[in-house]
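2 protein chains.
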Amino acid sequence: MKIALLGYGTVGRGVDGIIRSRVPGVEVARVLELPDRLTDDRMTSDYACILSDQSIELVVECMGGIEPAHTFIAQALAAGKHVVTSNKAVVAAYFGEFASLADEHDVSFLIEASVGGGIPWIASIEKVRRIDEVRSFSGIMNGTTNYIIDSMRRDELDFDVALGRAQELGYAERDPSADIDGIDVANKTIISACVAFDVDCVRDLPVTGIRTLTKADLEFFAARGLTVKLFGRGVSKDGCYAVAVEPVAIPLLSLEAAVPSNFNLVSLEGFTVGPLKFYGQGAGSLPTGNAVVQDVIDVVHGRIQRYDFSRGLKYDPSLLTGDYVIRSSVAPSHSEGWAPGVWRLRSLTPPQARQIYEKVLQEDASAFMAALPQEG
Amino acid sequence: MKIALLGYGTVGRGVDGIIRSRVPGVEVARVLELPDRLTDDRMTSDYACILSDQSIELVVECMGGIEPAHTFIAQALAAGKHVVTSNKAVVAAYFGEFASLADEHDVSFLIEASVGGGIPWIASIEKVRRIDEVRSFSGIMNGTTNYIIDSMRRDELDFDVALGRAQELGYAERDPSADIDGIDVANKTIISACVAFDVDCVRDLPVTGIRTLTKADLEFFAARGLTVKLFGRGVSKDGCYAVAVEPVAIPLLSLEAAVPSNFNLVSLEGFTVGPLKFYGQGAGSLPTGNAVVQDVIDVVHGRIQRYDFSRGLKYDPSLLTGDYVIRSSVAPSHSEGWAPGVWRLRSLTPPQARQIYEKVLQEDASAFMAALPQEG
Chain A
1 MKIALLGYGT VGRGVDGIIR SRVPGVEVAR VLELPDRLTD DRMTSDYACI
51 LSDQSIELVV ECMGGIEPAH TFIAQALAAG KHVVTSNKAV VAAYFGEFAS
101 LADEHDVSFL IEASVGGGIP WIASIEKVRR IDEVRSFSGI MNGTTNYIID
151 SMRRDELDFD VALGRAQELG YAERDPSADI DGIDVANKTI ISACVAFDVD
201 CVRDLPVTGI RTLTKADLEF FAARGLTVKL FGRGVSKDGC YAVAVEPVAI
251 PLLSLEAAVP SNFNLVSLEG FTVGPLKFYG QGAGSLPTGN AVVQDVIDVV
301 HGRIQRYDFS RGLKYDPSLL TGDYVIRSSV APSHSEGWAP GVWRLRSLTP
351 PQARQIYEKV LQEDASAFMA ALPQEG
Chain B
1001 MKIALLGYGT VGRGVDGIIR SRVPGVEVAR VLELPDRLTD DRMTSDYACI
1051 LSDQSIELVV ECMGGIEPAH TFIAQALAAG KHVVTSNKAV VAAYFGEFAS
1101 LADEHDVSFL IEASVGGGIP WIASIEKVRR IDEVRSFSGI MNGTTNYIID
1151 SMRRDELDFD VALGRAQELG YAERDPSADI DGIDVANKTI ISACVAFDVD
1201 CVRDLPVTGI RTLTKADLEF FAARGLTVKL FGRGVSKDGC YAVAVEPVAI
1251 PLLSLEAAVP SNFNLVSLEG FTVGPLKFYG QGAGSLPTGN AVVQDVIDVV
1301 HGRIQRYDFS RGLKYDPSLL TGDYVIRSSV APSHSEGWAP GVWRLRSLTP
1351 PQARQIYEKV LQEDASAFMA ALPQEG
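One line per chain: the protein sequences are A and B, in this order.
Residue 1 is where the first sequence starts when you use the numbering used here, and the numbers rise one by one after that.
Residue 1001 is where the second sequence starts when you use the numbering used here, and the numbers rise one by one after that.
Don't read these hints as lab results, they were simulated from the structure.
Glycine included, every Cβ here is placed at the ideal spot set by N, Cα and C.
There could be a bad hint or two in this list.
[Claimed, not checked] Cβ-Cβ distance ranges computed for the label pairs, FRET-style:
| # | chain 1 | residue 1 | chain 2 | residue 2 | range |
| --- | --- | --- | --- | --- | --- |
| 1 | B | Glu1097 | A | Pro351 | 56 to 62 Å |
| 2 | B | Glu1336 | A | Gln167 | 56 to 62 Å |
| 3 | A | Ala29 | B | Ala1074 | 57 to 63 Å |
| 4 | B | Ala1223 | A | Pro351 | 42 to 48 Å |
| 5 | A | Phe271 | B | Leu1169 | 49 to 55 Å |
| 6 | B | Ser1021 | A | Asp46 | 40 to 46 Å |
| 7 | A | Lys359 | B | Leu1169 | 33 to 39 Å |
| 8 | B | Pro1024 | A | Arg303 | 16 to 22 Å |
[What the hints assert, rightly or not] In silico lysine-lysine, PhoX-like type, Cα no more than 25 Å apart, as pairs:
| # | chain 1 | residue 1 | chain 2 | residue 2 |
| --- | --- | --- | --- | --- |
| 9 | A | Lys314 | A | Lys237 |
| 10 | A | Lys127 | B | Lys1127 |
| 11 | A | Lys127 | A | Lys314 |
| 12 | A | Lys2 | B | Lys1127 |
| 13 | B | Lys1237 | B | Lys1127 |
| 14 | A | Lys127 | B | Lys1002 |
| 15 | B | Lys1215 | B | Lys1002 |
| 16 | B | Lys1314 | B | Lys1127 |
| 17 | A | Lys359 | A | Lys215 |
Assemble the whole structure, with the sequences as input and the hints as a guide.
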């Protein structure tokens, strides 16, 4: 099978290398790149010549970003080509549109690499759903923030020092906002909810990152047998669903607390299978390239993957109601004192907690908030 | 598709319930049971009438044990019926024979439920191998022993008390030998090696259990930042492979150390995908039933799974060479003192360590041995 690669960055090069050395029968026939980066014969900067090439049955998009990725994917599907993508931002933004186009033109739209890098997360959700409903999912979906929190805790570093190390190692961008403010996790949470719950998930979910987390916060939690991780979460029940991205205080002895460095750990709860957890490299050229190539092999094997969001699940954030903790020099509304400068807020939905936290941030920009584990 | 169920115990009932309520298009048409347990119309104690029934395309074996399971599976494959089994003992003993029969008669032989209960372990190894070699696998494959060790550590119980609790909860048999002596893990390690390395794995691998583990041993390790778990392990390199079952001392902060109660956690290392870890319920009616039903659905979807052990990998236990610790009132050969009554043995293969340990046991039946983590 002849395929085209859109983008030749970290992931694109990984995909190309894995296919060349390990996947006989698949040929990367064309590569779309910028005009000043055309370094081999397969490369072109003209997408039209890929679109019109009938011999190319599959387009692999690993450019990242919203445009032109969105347009290119939509055009490929409309031209009757299968699409595999590692681009979480564009999938989170346009999943419904891509799913409809794939359905209409009888082609596959595959997104394994968009969440969890090399972890077979999307495929596992889909496999579980052949038998079970997925009641909930949660987990560590961003390696950068896990590296920062893990370094702060194990090496007792300040946030800025840990972030600097992550940047030196190439785990964090120069502008780390998408990671530390939870935007990357929000995209992955939206995609996971779409697949797990068969719903065109809301985009304006409550999102809180770890920008204001301090070493002292981690010490506060550790003294109570807890630590903090940035979680994407989703739950579905009785025709409704809820999603949220926020730091969550979890038991120090839990599996999630033990996740080191820049690894990911994602969990789901199925009705008959119980809890399942999946751990691995959430990013990187070869792990993410591996996930892309797994999707390519599925297309070669004739797997047709369709998404149907017509089930009409209702968004109800009250499904994620729980207690929160805010560390701040000012008392949040609806709070009770827990320790000096630490406040406990009972029984809030994630949007309610986010609203209160935003008000606190106006007076104390260094305030930190985390969800507390459910009791009982 | 019409299928027959052999055995109507814990797993068989789980399979029957899941198929009836969740898998349209599949019918459990016959159930093989003992003559005094025929409680519904589908049940028979005459296997010949299942074998000769051309309408039955798939036989699901969940009787357990070696015979008559071995004969029944071989006969079903020879009769051109697909076979799905949850029976690790019979698969570990006769994998090569079953694989040849399935190949010869052009049917599938599927074994997901034989290792790791509801965890998609076998399928994940197979998927990884579409692209990668599996360099190694390891993990907690037995929920009973994990429950015992976890209770000993978290609740500071003696071995016998923890074992008693496991028996009360139904996690351990009245005769717990197969679990605590590592025999169950040995079967799962053999099966994992067959699938991961494409080899008809040796049956006489070194196997050490946790029968002699004490609370004091766990305290000794904890003081050194370690704890103990019972691991099945396999590694492959340069045309060779090695396997072993033994307690392994691991860092207290590792993911494996955090595995609670009767859960399993199995890991593999692929060349491009890196390390992947899978966590879930390793036993139980619904999780194991779920794994069986996933295999049934794969057969319905036309998946043909074949195993070919002709690669001729050589068994070389030196691939797992490492250091060991023995707690004993007598000094083992080749050991150096580590602490009072605790000895360290450097650079041994698992069979060498096992041999030394067996000698020690003749003089001190309460001695305990564990492999130490690789340094560097």
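Please verify whether Lys1314 (chain B) and Lys1127 (chain B) have alpha carbons no more than 25 Å apart. The hint holds at about 24 Å.
Can you confirm whether the C-alpha distance between Lys314 (chain A) and Lys237 (chain A) stays at or below 25 Å? Between Lys314 (chain A) and Lys237 (chain A) the Cα gap is close to 10 Å, so the pair holds against 25 Å.
Taking 56 to 62 Å as the hint, is the beta-carbon distance of Glu1097 (chain B) and Pro351 (chain A) inside that range? holds, 60 Å
Just to be sure I understand the hint, the distance between the Cβ atoms of Phe271 (chain A) and Leu1169 (chain B) should be within 49 to 55 Å; is that true here? violated, 22 Å
Is it true that Glu1336 (chain B) and Gln167 (chain A) lie within 56 to 62 Å of each other by Cβ? At roughly 45 Å between Cβ atoms, Gln167 (chain A) and Glu1336 (chain B) fall outside 56 to 62 Å, so the hint is violated.
Hinted pair Lys2 (chain A) and Lys1127 (chain B), Cα distance within 25 Å: holds, 22 Å
Could one say that the CB atoms of Ser1021 (chain B) and Asp46 (chain A) fall in the range 40 to 46 Å? This hint is violated: roughly 54 Å between Cβ atoms.
Taking 25 Å as the top limit, are the C-alpha atoms of Lys1237 (chain B) and Lys1127 (chain B) close enough? Roughly 20 Å between the alpha carbons, so the hint for Lys1237 (chain B) and Lys1127 (chain B) holds.
A range of 57 to 63 Å was offered for this pair. Does it hold for the Cβ distance of Ala29 (chain A) and Ala1074 (chain B)? violated, 47 Å
Lys359 (chain A) and Lys215 (chain A) were given as a pair; does the straight-line alpha-carbon distance stay at or below 25 Å? holds, 23 Å
Can the restraint linking Lys127 (chain A) and Lys1127 (chain B) be considered satisfied, given a maximum Cα separation of 25 Å? With a Cα-Cα distance of about 13 Å, the restraint between Lys127 (chain A) and Lys1127 (chain B) holds, given a limit of 25 Å.
Are Lys127 (chain A) and Lys1002 (chain B) close enough, with their CA atoms no more than 25 Å apart? Holds. Lys127 (chain A) to Lys1002 (chain B) sits at ~22 Å (cutoff 25 Å).
The structure shown violates the earlier hints numbered 2, 3, 5, 6, 7, 15.
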